[in-house]
Every structure is written in structure tokens, then in C-alpha cells.
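Full structure from sequences and hints, please.
2 protein chains.
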Amino acid sequence: MLLDPGSARLSPASSPFLAAARRQQLQDRVPVWFMRQAGRSLPEYRRVREGIPMLESCARPDLVAEITLQPLRRYGVDAAIFYSDIMVPLLAVGVELDIVPGRGPVMAHRFAGEADLAALRPVEPTDVGYVTEAVQILVRELGEVPLIGFAGAPFTLASYLVEGGPSKDYARTKSLMVGDPELWDALCRRLADISAGFLAAQVAAGASAVQLFDSWAGSLSAEDYGRYAQPYAARVLQRMAELGVPRIHFGVGTAELLPLMGAAGADVVGVDWRLPLSEASRRIGPAYAVQGNLDPALLGAPWPVLAERVRAVVRSGALAPGHIFNLGHGVPPDADPAVLGRIVDLVHEEGPKLRREAGAQPADGRGSP
Amino acid sequence: MLLDPGSARLSPASSPFLAAARRQQLQDRVPVWFMRQAGRSLPEYRRVREGIPMLESCARPDLVAEITLQPLRRYGVDAAIFYSDIMVPLLAVGVELDIVPGRGPVMAHRFAGEADLAALRPVEPTDVGYVTEAVQILVRELGEVPLIGFAGAPFTLASYLVEGGPSKDYARTKSLMVGDPELWDALCRRLADISAGFLAAQVAAGASAVQLFDSWAGSLSAEDYGRYAQPYAARVLQRMAELGVPRIHFGVGTAELLPLMGAAGADVVGVDWRLPLSEASRRIGPAYAVQGNLDPALLGAPWPVLAERVRAVVRSGALAPGHIFNLGHGVPPDADPAVLGRIVDLVHEEGPKLRREAGAQPADGRGSP
Chain A
0 MLLDPGSARL SPASSPFLAA ARRQQLQDRV PVWFMRQAGR SLPEYRRVRE
50 GIPMLESCAR PDLVAEITLQ PLRRYGVDAA IFYSDIMVPL LAVGVELDIV
100 PGRGPVMAHR FAGEADLAAL RPVEPTDVGY VTEAVQILVR ELGEVPLIGF
150 AGAPFTLASY LVEGGPSKDY ARTKSLMVGD PELWDALCRR LADISAGFLA
200 AQVAAGASAV QLFDSWAGSL SAEDYGRYAQ PYAARVLQRM AELGVPRIHF
250 GVGTAELLPL MGAAGADVVG VDWRLPLSEA SRRIGPAYAV QGNLDPALLG
300 APWPVLAERV RAVVRSGALA PGHIFNLGHG VPPDADPAVL GRIVDLVHEE
350 GPKLRREAGA QPADGRGSP
Chain B
0 MLLDPGSARL SPASSPFLAA ARRQQLQDRV PVWFMRQAGR SLPEYRRVRE
50 GIPMLESCAR PDLVAEITLQ PLRRYGVDAA IFYSDIMVPL LAVGVELDIV
100 PGRGPVMAHR FAGEADLAAL RPVEPTDVGY VTEAVQILVR ELGEVPLIGF
150 AGAPFTLASY LVEGGPSKDY ARTKSLMVGD PELWDALCRR LADISAGFLA
200 AQVAAGASAV QLFDSWAGSL SAEDYGRYAQ PYAARVLQRM AELGVPRIHF
250 GVGTAELLPL MGAAGADVVG VDWRLPLSEA SRRIGPAYAV QGNLDPALLG
300 APWPVLAERV RAVVRSGALA PGHIFNLGHG VPPDADPAVL GRIVDLVHEE
350 GPKLRREAGA QPADGRGSP
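Residue numbers (numbering that gives the first Met the number 0), protein chains in the order written: chain A, 0 to 368; chain B, 0 to 368.
There may be inaccurate statements among the hints.
Copies of the same chain look alike in the list, so a pair counts if it works inside one copy or between any two.
[To be verified] Straight-line Cα separation of at most 20 Å, SDA-like style, residue types lysine to any residue; simulated pairs:
#: 1; residue 1: Lys167; residue 2: Asp184
#: 2; residue 1: Lys167; residue 2: Glu348
#: 3; residue 1: Lys352; residue 2: Glu307
#: 4; residue 1: Lys167; residue 2: Gly38
#: 5; residue 1: Lys167; residue 2: Glu123
#: 6; residue 1: Lys352; residue 2: Gly142
#: 7; residue 1: Lys352; residue 2: Glu49
#: 8; residue 1: Lys167; residue 2: Gly101
#: 9; residue 1: Lys352; residue 2: Arg314
#: 10; residue 1: Lys167; residue 2: Asp333
#: 11; residue 1: Lys167; residue 2: Arg39
#: 12; residue 1: Lys167; residue 2: Ile51
#: 13; residue 1: Lys167; residue 2: Arg102
#: 14; residue 1: Lys352; residue 2: Gln23
#: 15; residue 1: Lys167; residue 2: Gly299
#: 16; residue 1: Lys352; residue 2: Arg120
#: 17; residue 1: Lys352; residue 2: Ala254
In short, the hints are calculated from the structure, not lab data.
Here it is in C-alpha cells:
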């Protein structure tokens, strides 16, 4: 249904997305997907979500599968990403919280100390049966298109727990982190285990890759990131390495953190729009593929200008050892799906040629001029 | 009243702040002030502002002087910064807007095109008589303490005009910028003239330095910054060069932009907390002093931890050709003034020794062990 039935590729294992993630980029395809491709920008999403609170929608396998598949029906993207919320695994172990529309995750109680640690027990597969079920439906439906598992990284999760909700400056989080490093360590180890358990459930049910979102890591200096965030992301990614799936690691405003985010145990480092992919790849090193990085704020620009930006991203990504096209952050709620569709088509139609012109080195040895 | 009466320095011209800004750092003093030192963190500020809307407070010379002086009475900071709002010069030329508490600047109408340009005429001194009057009061009261003039840079001002208020992603702004570069150029030239006129009025009345806030420039890649923001900041800073005052140029999340922000025509580049000052200075080059960069989110950390961070900033700044201690962004509204006071004292008491230990090169040739 979703891919050319004449294709020789019969399982996600040989998909262009996974090949790029493994630095074995296929010469005839630049893979593309969008963070938040499933979500409010799609009218069909708004329709199925009507009257259903966010966290409820994440716990209904039929709805999760439907929402995850919606962008695949609309766009010829090369991967699906499991529809969920970074707070879902916390909810699954019994943390009281809600997602408030227009505001974000709001905790019933702020994390206040030692006594709150006990509630943060590991995620067992039985806690997230609806995840297993949804992934199983999805893997069946998706066929050759890989499904990316989804979870938030410990620093970002901790920030919601400690602040009690979204924050501009993470003042409580940072004060705890530097002021009580032992408690911080205990908190983030538990969050790492929760995050890893949530991803492991998705992989066990058939997800082909994972993306770890440390969305707010960019609020830290490299020194603080290395000390207070990276070790816990590494703990999650290490568990994923044992499961043998490619690991994408992403945050916003992380130009200074990219090498550390790679070294945390990623195969692919997600890059926001602030740094050209060629420069990002130079900083991260040859052992990593990159993902990104069109500025989502430009989606409303006139098409010829936007198309040039898309081409520039593909050219710049051609100089990395592997490139998965994406935005530099999530699809904004008011994005026009038609524009996203044009981007996918452009990346697929012109991508291989643009890469060759930019001087991409063949990785797969498959024939191409 | 504010400085040691036995001091040999009799005018701001020889103040430690201006010396550092001119890369002639005095060996016996690390100058320190805080962005937003005048503001909501002070109970005396909240008292005098009670019932008075933000923009009204900026238009009353007595109140502007009082609020500007409040932190000087509390802390031994080495500079005052003119109390105002970046939207004041726009209001002065007749743009309809308001500052909504808890939200920020909100425009009566979004900037929509050519027809809205005419309203953005240059600021004449007669438009801002209250600024002249307030600065005159301040210069008299401040004696040897320099007053820093204050204005927003064109990109940041344009973002409020085009978005109609604060924004998370500047999508309209960026789409206009790349989609209609001629209109963008016309808009930003006018904003540069408004910003320069507002600063010129402050300098004419006696301000000893200026700081140009391009607060949201960090949302741009270096390429876009260089093309769509830097030329207009440069236009403002060039006017200031003609007036002979040191120029500080600051934005948040600008690690990748620092060299361009210096080259725009700054004497001092303000750095947020994400990059050590020594590394920032290495990137910007030896022709610039630096200002910053304690993470304001750490103000709530236990004092011994915070004090170590303060010392680290001083040591790192010692490797730049001039260092003015500051936070990496504005004082948060809930900051404890007592903590800020301890920071000022620490910087003054230990600063010279910390700089020597870190290997600072003497710039002024004045005796010091």
C-alpha cells in the first residue's frame, strides 16, 4: 500500500532510512520524515482526536496506530514515528500528570526529593501493553516502512518533574542538578531506566529504530551537559545498542553539544537549523550519520525560496557519512501539509542528483552515474 | 553617595567598566553589573511600579531615574543601565502597542507590508524628551558610575512588529525575511534608524556607553544572521561609533554568531551561559572585550556551588582582552537580591586575584603584585 510493490526491498531491514542510519546511504534515495509528522498540522489528526485528551489518545492502540499512519498516507515519507508523548512512560509507572492543551505536561506534584524517587520504578512490558499492541498493528500495516520508537531523555523528563511543567529557564532543575548532584543522579538513573524500558517495549514489538528526544538539553553548557545530562542519555542508548537498533539522538539548540550527543551512543545525531549539516557532521565526526535540518519557521515562505532551502539542506547533508532529511524541530501545528508533501517529493526527486553534485561519497556501491 | 569619595576617579570616563569595555581593564577591579538589575526582582521596584503600566513608567523621567538608581543603592555594581523597554522608541514614533504583563509587547496591528513602513519614521530628540530628562537626572546622580544606554536591535524589534507579539519560532518574521528581502530591508533600515536615534538621545544627554539587545538573534543560523540581521545591527552600531561611546552587543543562544556580532561593530560582545568566556573570546578575536556569563538559572543554587560558578566565570573571562562580569541573560523576576549582592561582593573581592591566577595579561600597566 505504502511503497512501490515492485521494489526489491521486502522488509524495513533494507529501507533507505535504516541504510542511512547505518551510514550505508543508498545512492538512489535521500530518506525523509518529519518530527511531529503525526499531529495537529493534519486535519485528519484533529478529527480523530476530537474530544479525546492527549494522554488518553496515547493509551488507545487503535488510535495510536491510526495517528501514526496518517502522515504515511499523505506523504511518501521513509519512516513512521510512534505516536506518543514523552510523559507517557511516567504516567505508565503511576506518576500523576496531565497534558494541558496550549501549555504542555503539568505534574500533580513537583519532584521535591528523595521521597519521590520510589514512585519512579522501571517500566515493565505489562505497564505498556497498549504500546506493544499499537506497535504490532503498525509493523503489520507499515510493511517495508520502518517504525521509529520514541522516548524522552532523562534531562528533559527531569525538567518537567522538577519544574512541575514547562519552563523557560529550568531554574529549579538546574539548581537541583548542581546543588544536590547525588539526588540528581538517582533521579536521572531512574528516568533512564524508565525511558529505556519504554523504548525496549517498542523495539520488542517490532520498531526498527529509536529516537531519543533530549529536547531541552540545549539549555545547558557543554560542561554541564557532559556532567549532568549525557551520562543518563548514554544509559538509555546503551540499552538500545544491546537491542541492535539504530539510535537517533536529538535536541534543539545543541550546536555546541553535538559531539557529546553523538558520543552518548547515537548512530544518527539530529541537528536543528542553526548549523549547516556539513559543519555539524565535521564536529560530530565520521562515525555518525546526521538528521535534519530545515528551519520549520520557513515552511510559510514562498515555495521557490523554500525549495532552495530544501536543496541546500540536501547538499550540505551529502557531506556527512549518512543523511536523513528532516526539519530542525517538530512540524508546527499551523504548517500546511501540502507544503510538507512538496518537500518530500522534492527530496526524493532531486535528492540523489543533488548529493552527487555536492560530492557525496558512495557508501553502498550500488550503480549510479 | 555611590562610590568611595576618596577615589581618584572623578568621572565615568575612567571607570572600571569603561576601561574594560575599551580593553584597558584595571587590574584592581573586575567590573560587574546585571542585565535587568532594575526590575521585578527588587521589592522597591514593585512598590514604585504599583498601578503604573510599564510603558507609562518608561515615559516618566522621575520614575525612570528612580528605577534605574534602585539597584545602585542596593549593590555596588559598576554601571547603571537606562530603564526602558525595547518597544519605547516604536511607541515614540507612534506605533500602537502595549506591554501586557506576563506576556510581553503586543502590537495593535501586525506589520503587514509596504503601507506600514511610513509609520516607522526616525526618532527625533523631541519625540523622547522624557528620555533626555531622565538621563540628565541620572548622570547627575550617578557621578562616577557610568550609565549604559539601552535599545533593541532591528531583527528583534522586527520580530515583534511582524509577529504582533512574542513568538516561539518567529515563523512570520522569517518567512517575510526570506520571502520578501526588499521589504525586510526597508523595514530593518527604518528600525535601525529608530534604534540609533533612541540611543543617540541617551548619549547626547550623557550616557557613557550603549548596549544593543538583539535578544532573539540566536534563533537564526549564522548564514541568515549575517544576511538578514547583522547589517542592520551594524547600521545602529556605526552611528554609535560616530558618537564615540563603547558599544556592547548582546543576544541569547548566539554561540555560533559571536564573531559576526562582534564584527557588526561592537567593542564588547555579550555572551550567554552556554559557552565559556575564554572560548567565546577565542572565537570573537582579540579586538573585543566580553561581557557575561553566569547562568541566571543557577541563582537559586546553594551559595558555595554558585560562588564556585562565579569564580569560574571570572577565571574564564580573565583570558579575554577585557571582561565585564554579568549574567548570561537578564535577572529573573524571582531572583533573590541578596544573592545578587553576594555575587557583586565576591567579584569585587576575589576578582583581581582570580584574574591574576588565571593568567590575565595586565592591560593598564598599573601596579599590582
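Evaluated hints:
no., hint, verdict
1, Lys167 with Asp184, "neither (23 Å within a copy, 31 Å between copies)"
2, Lys167 with Glu348, "neither (40 Å within a copy, 32 Å between copies)"
3, Lys352 with Glu307, "within (14 Å within a copy, 54 Å between copies)"
4, Lys167 with Gly38, "between (23 Å within a copy, 18 Å between copies)"
5, Lys167 with Glu123, "neither (33 Å within a copy, 37 Å between copies)"
6, Lys352 with Gly142, "neither (28 Å within a copy, 67 Å between copies)"
7, Lys352 with Glu49, "neither (43 Å within a copy, 64 Å between copies)"
8, Lys167 with Gly101, "both (15 Å within a copy, 13 Å between copies)"
9, Lys352 with Arg314, "within (9 Å within a copy, 51 Å between copies)"
10, Lys167 with Asp333, "between (22 Å within a copy, 13 Å between copies)"
11, Lys167 with Arg39, "between (23 Å within a copy, 17 Å between copies)"
12, Lys167 with Ile51, "neither (28 Å within a copy, 26 Å between copies)"
13, Lys167 with Arg102, "both (12 Å within a copy, 13 Å between copies)"
14, Lys352 with Gln23, "within (17 Å within a copy, 55 Å between copies)"
15, Lys167 with Gly299, "between (26 Å within a copy, 15 Å between copies)"
16, Lys352 with Arg120, "neither (50 Å within a copy, 48 Å between copies)"
17, Lys352 with Ala254, "neither (28 Å within a copy, 33 Å between copies)"
Checked against the numbered hints listed earlier, the structure breaks hints 1, 2, 5, 6, 7, 12, 16 and 17; every other hint is satisfied.
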